[in-house]
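Q: Sequence:
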Amino acid sequence: MSSTEAAPRHGVGSFGLSCWRGAPAAMTVAHRHDDLEFNLSPDPLEYLVDGRTVRIPPRTLALFWAARPHRLVTDASRGHVSWLTVPLGTALGWSLAGGLVPRLLTGAVLMIPERPGLGLDGLVGVWAAELAAGGEARRAATAEIEGFARRAALAAEAGADGAASVAAGATRPDVASMAAWISEHAAEDLRIDDVARHAHLAPQYAMTVFRRALGITIGEYLAQCRVARAQHLLLTTDLPVPDVGHAAGFRSQSQFYARFRERCGEPPAAYRRRLRP
1 MSSTEAAPRH GVGSFGLSCW RGAPAAMTVA HRHDDLEFNL SPDPLEYLVD GRTVRIPPRT
61 LALFWAARPH RLVTDASRGH VSWLTVPLGT ALGWSLAGGL VPRLLTGAVL MIPERPGLGL
121 DGLVGVWAAE LAAGGEARRA ATAEIEGFAR RAALAAEAGA DGAASVAAGA TRPDVASMAA
181 WISEHAAEDL RIDDVARHAH LAPQYAMTVF RRALGITIGE YLAQCRVARA QHLLLTTDLP
241 VPDVGHAAGF RSQSQFYARF RERCGEPPAA YRRRLRP
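Numbered according to UniProt numbering, the sequence shown terminates at residue 277, and the numbering increases by one at each position without gaps.
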């Protein structure tokens with residue numbers, strides 16, 4: 001996401017079809033929104049995505065599904081990063097090549113070296129103005145953004161993307177380890193003691209350093225991971241909705257529906273119907 005930690009502007013859970021260019025500060029809170037996120041920076045960036053440290057080289061187009069809990073660690077306040085968000089439902093309607101969206105739904109972070117047609121820097125200013133203008137200008141920008149996404153999908157299909165690097169970075173290694181472990185085991189009946197034991201920390205200390213590093217509690221992070229897992233299952237399987245909640249780690253249907261609606265703005269069944277017409 002961008003420099004702010006504000007809630008998504010275009011409805012609960014999504015930033016809508018948006019783009020901008022600016023100098024972001026390091027995010028203090030891990031968050032999520034139901035969009036495909038593209039970004040390009042002249043300088044290297046470092047994210048924490050599902051607890052994995054992901055380093056994006058300079059002049060490299062990065063693409064991931066932002067419903068996965070993520071946080072920009074790098075302080076890029078002296079640079080200018082270009083951003084594009086495409087709502088997941090819009091991207092699904094485009095039927096992008098190479099199974100791009102299914103790959104992103106599994107947590108892949110794709111990286112494509114900048115090339116003609118994928119230079120986001122020179123495009124976002126025009127697109128942002130046209131999207132805001134509405135009418136025919138917005139339709140033109142939307143068509144161009146679709147073409148951009150299609151070129152990115154073709155480049156990824158051709159093998160231009162690189163695997164996300166995983167290494168210790170600016171985030172405390174014990175916090176990154178806890179976040180990754182929570183993401184991996186989110187479907188299980190986790191307790192604070194289990195998470196703390198994994199990092200060889202006392203429970204109270206584990207909760208303190210986790211919140212200090214990611215800006216949210218362990219419980220909130222676990223809920224984010226479970227909702228992302230439920231979204232994935234709703235879109236990629238035919239499991240009945242109650243079974244989706246259980247498979248994602250929710251131990252009661254009421255908790256599942258409440259958490260899902262809080263973070264996605266609609267019930268699970270409506271989410272599935274909207275994105276799988």
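Where hints are given, some of them may not hold.
Said to hold, decoys possible - FRET-style restraints, in silico, Cβ to Cβ:
no., residue 1, residue 2, range
1, Arg78, Gly125, 14 to 22 Å
2, Glu114, Glu262, 32 to 40 Å
3, Thr217, Ala129, 21 to 29 Å
4, Arg139, Val209, 29 to 37 Å
5, Ala187, Ala269, 29 to 37 Å
6, Arg138, Ala202, 51 to 59 Å
7, Val29, Arg139, 29 to 37 Å
8, Arg251, Glu157, 14 to 22 Å
9, His185, Arg150, 19 to 27 Å
10, Ala140, Ala202, 51 to 59 Å
Hints in this document: simulated from the structure, not taken from any laboratory. From a predicted model like this one, the values you see are computed outputs, not experimental measurements. Every residue gets a Cβ at the ideal spot worked out from N, C-alpha and C, and that includes glycine.
Q: Quick one: are Arg139 and Val209 within 29 to 37 Å, going by C-beta?
A: Since Arg139 and Val209 have Cβ atoms about 49 Å apart, the given range 29 to 37 Å is violated.
Q: Do Thr217 and Ala129 keep their Cβ atoms within the hinted range of 21 to 29 Å?
A: Between Thr217 and Ala129, where Cβ atoms are some 40 Å apart, the hint is violated.
Q: Using the C-beta atoms of His185 and Arg150, is the stated range 19 to 27 Å upheld?
A: Given a distance of about 36 Å, which is not inside 19 to 27 Å, the answer is violated.
Q: Between Glu114 and Glu262, does the beta-carbon spacing fit 32 to 40 Å?
A: holds, 38 Å
Q: Measuring from beta carbon to beta carbon, are Ala187 and Ala269 in 29 to 37 Å?
A: violated, 20 Å
Q: Within 14 to 22 Å: is that where the Cβ-Cβ distance between Arg251 and Glu157 falls?
A: violated, 40 Å
Q: Take a look at whether the Cβ-Cβ distance between Arg78 and Gly125 falls inside 14 to 22 Å.
A: Given a distance of about 20 Å, which is inside 14 to 22 Å, the answer is holds.
Q: Quick check on a hinted range of 29 to 37 Å for Val29 and Arg139, using CB atoms only.
A: Once the Cβ atoms are compared, 35 Å apart, the range 29 to 37 Å for Arg139 and Val29 holds.
Q: Regarding Arg138 and Ala202, is the given constraint of 51 to 59 Å on their beta-carbon distance met?
A: Once the Cβ atoms are compared, 54 Å apart, the range 51 to 59 Å for Ala202 and Arg138 holds.
Q: Given the range 51 to 59 Å, decide if the beta-carbon distance of Ala140 to Ala202 lies inside it.
A: holds, 58 Å
In summary, the structure is inconsistent with hints 3, 4, 5, 8, 9 from the numbered list given earlier, while agreeing with the others.
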